[in-house]
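As a plain string of letters, each chain reads:
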Amino acid sequence: DTAVSQTPKYLVTQMGNDKSIKCEQNLGHDTMYWYKQDSKKFLKIMFSYNNKELIINETVPNRFSPKSPDKAHLNLHINSLELGDSAVYFCASSPGAGGNTGELFFGEGSRLTVL
Amino acid sequence: AQKITQTQPGMFVQEKEAVTLDCTYDTSDPSYGLFWYKQPSSGEMIFLIYQGSYDQQNATEGRYSLNFQKARKSANLVISASQLGDSAMYFCAIRWGSTLGRLYFGRGTQLTVWP
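Sequences listed follow chains A and B, in order.
Here the first sequence is numbered in the numbering used here, starting from 1 and rising by one per residue.
Here the second sequence is numbered in the numbering used here, starting from 1 and rising by one per residue.
This is chain B alone, in the form it adopts within the complex:
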């Protein structure tokens, strides 16, 4: 069975520090995509970053970077210089094969940034 796992239900980080949110996946499909989304308390889903399985370099978007370790099947999100506004639920998701938009989400990690 193909699945995606976020083992940290909650994480705490002090403002201005970096934090890593874990995500592991299990697939036998060589072609897949990995996504991270942020859901603040207001409820909307905000796309953060994408990594394709064939991408040679780790994806980066501003303060977000994806630590992609293909052999370990992990796609951890690193947030540098945390801000209070980063407090939210973070979801890792995977797209298998070529069915675009068909994402399977992990259970999420609730990140709390404290001053």
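So that you can see chain A by itself, here it is in the shape it has in the complex:
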């Protein structure tokens, strides 16, 4: 039973297209995230939502729009895809505050290739 699941796992598309990646967690966590891992394996936070509310937006282009319909789901929509958007996108979740360490539970990643 997957804790943090992302779909699709692989996505190949043309420049200029719009695409979405979906994420769901069944851990009961309050907070969800999108991280981007580039071709050099560098991982960087993009967004964070706590109970459907955006709390972190790390200077990501407006073409990226996260949406959280409920605290178990966080989707990422990307408009007008560019070559530089090719990366692996990781969804993650963590419990709310209250003594926890802030450990992230990651999904398996979604590899986006823009041609």
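Just so you know, these hints were derived from the structure itself, not from any lab.
Ideal Cβ placement from N, Cα and C applies to all residues, glycine included.
Some clues are possibly wrong.
[Stated by the list, open to error] Pair by pair, the computed Cβ-Cβ distance ranges are:
| # | chain 1 | residue 1 | chain 2 | residue 2 | range |
| --- | --- | --- | --- | --- | --- |
| 1 | A | M15 | B | Q14 | 44 to 50 Å |
| 2 | B | D26 | A | G84 | 24 to 30 Å |
| 3 | A | S65 | B | D26 | 31 to 37 Å |
| 4 | A | G84 | B | T112 | 25 to 31 Å |
Got chain A sorted already, so can you dock chain B onto it with the hints?
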């Protein structure tokens, strides 16, 4: 600027030997957390170990231990009795202050365990 540094792009170790992966960080915040994650070739991110800045003892989890030297701002990962399955990319990450889940990752160290 707050940052985290992994100076070893690649490390090699023979099976059953111990290996230390280096991680240094730079922060003026007295409250922070340090994490190590493993990313095998299959791509998932696996949490290994956590050390809080106020923790008096070095963290240990099975064959993993964290050599935390606060004055030197280093948080090296020690893997004892290396196994072939330990071959992976290892990331050090830091959480500053109270923003749980907002992790900043180092560039990673590719560990190869040989028989």
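Output the numbers, in ascending order, of every earlier hint that fails for this structure. none
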